[in-house]
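J.: What follows is the residue order along each chain.
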Amino acid sequence: QQQVKQSPQSLIVQKGGISIINCAYENTAFDYFPWYQQFPGKGPALLIAIRPDVSEKKEGRFTISFNKSAKQFSLHIMDSQPGDSATYFCAASLVDSSYKLIFGSGTRLLVRP
Amino acid sequence: DSGVTQTPKHLITATGQRVTLRCSPRSGDLSVYWYQQSLDQGLQFLIQYYNGEERAKGNILERFSAQQFPDLHSELNLSSLELGDSALYFCASSVAEGEQYFGPGTRLTVT
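Quick note, the sequences are listed as chains U and H, same order. Per our numbering, residue 1 is the first one in the first sequence, and the count goes up by one each step. Per our numbering, residue 1 is the first one in the second sequence, and the count goes up by one each step.
For reference, chain U alone in the conformation it holds in the complex (with noise of 0.2 Å):
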């Protein structure tokens, strides 16, 4: 019930092409549904985030999908870059006072130039 499940593990995209995460949940609960991208070395950065009452959220060359009634959520990362090779983390907030977030197992991302 507290599992984000996410796929998949890793993945190798070419320069220029799409890259695309996906995450599953089962509590309904969840309302809050962040992505962060971690570099070597580094603390995980909030990349952007949507909740449930939007289906789609786009901040430059990334875009949440939202599907509520399939509890699944992706990660799409237009015109793929080099740079963006790291390791991104979908995560889920839960409806409580604390809104701690659970967090899926990581997709190492290798963009190849």
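This list has only true hints and no planted wrong ones.
Now the in silico label distances, taken between C-beta atoms and shown as ranges: (1) ASN59(H) to ARG108(U): 20 to 28 Å; (2) ASN67(U) to THR13(H): 40 to 48 Å; (3) GLN67(H) to GLY17(U): 43 to 51 Å; (4) THR13(H) to PRO52(U): 42 to 50 Å; (5) THR111(H) to ILE20(U): 37 to 45 Å; (6) GLY28(H) to GLY16(U): 38 to 46 Å; (7) GLY16(U) to THR20(H): 45 to 53 Å; (8) GLY60(U) to THR13(H): 39 to 47 Å.
Quick caveat, the hints were computed from the structure, so don't treat them as lab data. Backbone N, C-alpha and C fix where the C-beta goes; we use that ideal spot for every residue, glycine too.
For chain U, the structure is supplied; the task is to place chain H on it using the hints.
T.: Frame of chain U; chain H shown alone:
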């Protein structure tokens, strides 16, 4: 730079020892969260403080404790350390629900 600072950056210690990790949240943020990142467990929520009060507990061992001080900085205390406690420990802070900003982390190595 998220504005969250953590010290020390690296910590190497022996089994059985006790260490303290420190976190200063972004200016104005009242909430501090602690997370552990390990290869086998991923990123796991440990504990949250809001304006000095414990707000939520996650998968935090009894050997671990935390507190948040009046100036809002937080400390995570890890005692009776075991090899399996070796991990990255992150602090995050937020002012609004959900938007958590992570610090650079403390890499703990227990030998």
